[in-house]
Amino acid sequence: MSVLRLAVPTPLRRLFDYLPPAELSEQELAGLKPGIRVRVPFGRRELIAILVDVAEQSTVPTEQLKAALEILDSEALLPQSLQTLCHWSSDYYQHPIGEVFSAALPKRLRKGLPVQEQGEAAWQLSDRGKGLPEGALPRSPKQAAALALLQQQTQVSTATMKAQGISTAVLRSLREKSLIEACTMPIAPQAGISREGLPLNDDQRQAVEGIAATLGEFQCHLLEGVTGSGKTEVYLQLISHCLAQGLQALVLVPEIGLSPQTLDRFRERFDAHIVVLHSGLAEGQRYRAWEAARSGAAHIVIGTRSAVFTPLAKPGLIVVDEEHDSSYKQQDGFRYSARDLSIKRGQLHNCPVVLGSATPALESLHNAQQGRYWHFQLPQRAGGATLPQIQCLDIRREPLQAGFSATLLARIAEVLQQGDQVLLFLNRRGYAPSLQCHDCGWVAECQSCDARLTLHLRQRQLRCHHCAAYRALPNRCPDCHSSQLLTTGVGTEQAERLLQQHFTQWPTYRVDSDSMRGRYAMEELAAQVNLGEPCLLLGTQMLTKGHHFPKVSLVAVMDADALLFSADFRGEERMAQLLTQVAGRAGRAGRPGQVILQTHHPDHPAVQAMLHQSYAEQAERLLAQRKANGLPPAGQLIMLRSDCVDAATGEEFLLQLRRQFEAEPISGCQLIGPLPSPMPRRQGRHRSQLMLSATGRPAALRAAPRLVALAEALPKARGLNWTIDVDPSELS
DNA sequence: AGCACGCCGACT
DNA sequence: GTCGGCGTGCTC
Ligand SMILES: [Zn+2]
Ligand SMILES: [Zn+2]
124 MSVLRLAVPT PLRRLFDYLP PAELSEQELA GLKPGIRVRV PFGRRELIAI
174 LVDVAEQSTV PTEQLKAALE ILDSEALLPQ SLQTLCHWSS DYYQHPIGEV
224 FSAALPKRLR KGLPVQEQGE AAWQLSDRGK GLPEGALPRS PKQAAALALL
274 QQQTQVSTAT MKAQGISTAV LRSLREKSLI EACTMPIAPQ AGISREGLPL
324 NDDQRQAVEG IAATLGEFQC HLLEGVTGSG KTEVYLQLIS HCLAQGLQAL
374 VLVPEIGLSP QTLDRFRERF DAHIVVLHSG LAEGQRYRAW EAARSGAAHI
424 VIGTRSAVFT PLAKPGLIVV DEEHDSSYKQ QDGFRYSARD LSIKRGQLHN
474 CPVVLGSATP ALESLHNAQQ GRYWHFQLPQ RAGGATLPQI QCLDIRREPL
524 QAGFSATLLA RIAEVLQQGD QVLLFLNRRG YAPSLQCHDC GWVAECQSCD
574 ARLTLHLRQR QLRCHHCAAY RALPNRCPDC HSSQLLTTGV GTEQAERLLQ
624 QHFTQWPTYR VDSDSMRGRY AMEELAAQVN LGEPCLLLGT QMLTKGHHFP
674 KVSLVAVMDA DALLFSADFR GEERMAQLLT QVAGRAGRAG RPGQVILQTH
724 HPDHPAVQAM LHQSYAEQAE RLLAQRKANG LPPAGQLIML RSDCVDAATG
774 EEFLLQLRRQ FEAEPISGCQ LIGPLPSPMP RRQGRHRSQL MLSATGRPAA
824 LRAAPRLVAL AEALPKARGL NWTIDVDPSE LS
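For reference, each letter of the first sequence is one residue, going 124 to 855 in my numbering.
Take the hints with a grain of salt, since some may be wrong.
Stated by the list, open to error - Listed below are the simulated DMTMM-like cross-link pairs for lysine to aspartate or glutamate, each with C-alpha atoms no more than 25 Å apart in a straight line:
hint, residue 1, residue 2
1, Lys156, Glu319
2, Lys234, Glu193
3, Lys467, Glu193
Claimed, not checked - If you anchor each label on the Cβ, the simulated ranges turn out as follows:
hint, residue 1, residue 2, range
4, Gly655, His625, 14 to 24 Å
5, Glu332, Gly641, 24 to 34 Å
6, Lys230, Ala650, 27 to 37 Å
The set of hints was computed from the structure by calculation and includes no laboratory data. Keep in mind the model is a prediction, meaning the values are calculated, not measured. Beta carbons: idealized from backbone N, C-alpha and C, even for Gly.
All chains, full assembly: derive it from the sequences and hints.
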């Protein structure tokens, strides 16, 4: 007996066995390959599953097995290496295998639509057209020319037609006469061609040569280079080595990291097929890009997190740009890290992986120090621009206007008068993060979350930044009816108003998710700013990624204190990364930049470190702290979270889990909690967490499946949800 | 996660 | 009498 073992798209963490479709012959059965799609009845619905294995028998009694309905493919959708990556991810992150495969496939294929023959839109003669003699249609020369071409070459692409001066209108009228028909023409695989690169400095050359020497084998490389040190040029030259060997390159970029500027650089350098995969793509576009990567037609694949699962016909190189960026870690559902998976992928493909960053994650630095990664440093700023000077501005007892000290406003004015641009970083959108009654102390809070409502003045709304809740801004206190409602704290909207009033001759551009709504908003703004006129750029984290603003010579962090007191053990690492990245935005092309941190805590060790130490030095100190505390990368964490409408149930569930785990402990594992999450109630649900701290990877690898098995076996109270997060990046 | 079944309140 | 509320249980 043959049994199909299938990964079914469901949150259940197991495979499902089916009998082969009734009409399938022995021979067809023998030809089934893992990785093909199979349509199956599942419960009372039909789903598209992925064949994992054809087994001799099942542990499920035969009479309970259903027959699959249809085999959808003859060839695997994903190459073997990528199927292996899916299984590995499913095990490592303890996420249901069916959902992992779903993450690796474009929607089109998940829905069961057939694999589309890739090709260029083209035309061929219809049966009727084939009957025409040479030199037909003499009265319409354009149509005759089109026919002549098709008589010579059977299939001619629309592009070629256009090049021959034959418009689509001509072709359409030929089709209306049923003389020609549309078809797709297979594209002959073409070599990607690289144009000459920029001259390299010694450090860049060493990196390119060192990394290129590992093409064809697995090796992970950490490329550490400050902003402007020419990391991108190193990537480009490595990619050209890769293309020269007839191999494809996969480039991962942060969520909003792919600026048109960077993309243009790729397009200018390579006469090659480049595809881009990001979340904004329409279904069809995404599928075509995916298929081009899979078929090998695309030479370079650039994409965000989910692109780590893009199949490649001839993988040669994987680049993870800004590898420290938190957007590589998925924050819900299948909580994978695209950076970590790209390294696994490199192993499976035997190809090098390059992790690039000005501010590498401590994990990556640790791996480099351990000798697991090769470490390349690009200390110089290309073009000789000097690194910005960071100064701290003590604002204790300073009067502040919308968060600005008089000193800062004066510095801004000077810079604008010199004709330069100013970048102001304030990581808080809205007008003010809190609204209070001056008479009775009432505070505007969210009904569903343990959080204050943010005032959005233009919309006259109070909004929760943790759920969808919003309400109209009250004129009076709902408790005591006083009209003395005061805001505390400053958000970008408020800072923007002050800048507009204070600097009337210069435009202020606000960059946050409220002001940059449209798809092209950010692009248009960047183009406007990069015309070079003096202006003020004010924004949240959005401003610190992707676009470069070469005319900025002053960067100010308005509220450095907000970064200082974080509950998360990664807080200080994040702060150092963020501030270093922000600082890197100041001064380019030979002009020194200036960075100002406004703080009430000028003596705080983290502030002092920012002033006097390089990122590498700070990282070294933080790494030592982590090692002393057994925290990643010295140890490994697994987070279990529960959420439930009532507070006690979730915590009780995790407590049971802990008891059961500890009844038969795993050495090297320690459980902490359950504890309420840093924000205990969110969207009306009470959240708790249980953290497992493992001394190393082997212990964690044993603990994760055990925790899941125990959690699945525990009686699940109604309305309770639990999730597992291996290598959590956020301890909330 | 879906999608059913099932068993109690207010509608024709 | 039945339409539908969502609690509970299952998916090879
Ligand atoms: Zn009041
Ligand atoms: Zn809320």
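Review point. Taking the beta carbons of Lys230 and Ala650, is their distance inside 27 to 37 Å?
Key: For Ala650 against Lys230, whose Cβ atoms are near 32 Å apart, the range 27 to 37 Å holds.
Check your understanding: Cβ-Cβ distance between Glu332 and Gly641: within 24 to 34 Å?
Key -> Since Glu332 and Gly641 have Cβ atoms about 44 Å apart, the given range 24 to 34 Å is violated.
Check your understanding: Holds or violated: Lys467 with Glu193, Cα cutoff 25 Å?
Key -> Roughly 33 Å separates the two Cα atoms, so the pair is violated.
Review point. Going straight from one Cα to the other, do Lys234 and Glu193 come out at no more than 25 Å?
Key: Holds. Lys234 to Glu193 sits at ~14 Å (cutoff 25 Å).
Review point. CA of Lys156 to CA of Glu319, is that 25 Å or under?
Key: violated (43 Å)
Review point. Should the hint that Gly655 and His625 are 14 to 24 Å apart at their CB atoms be regarded as holding?
Key: Because 22 Å falls inside the window, the suggested range holds.
Checked against the numbered hints given earlier, the structure breaks hints 1, 3, 5 and satisfies all the rest.
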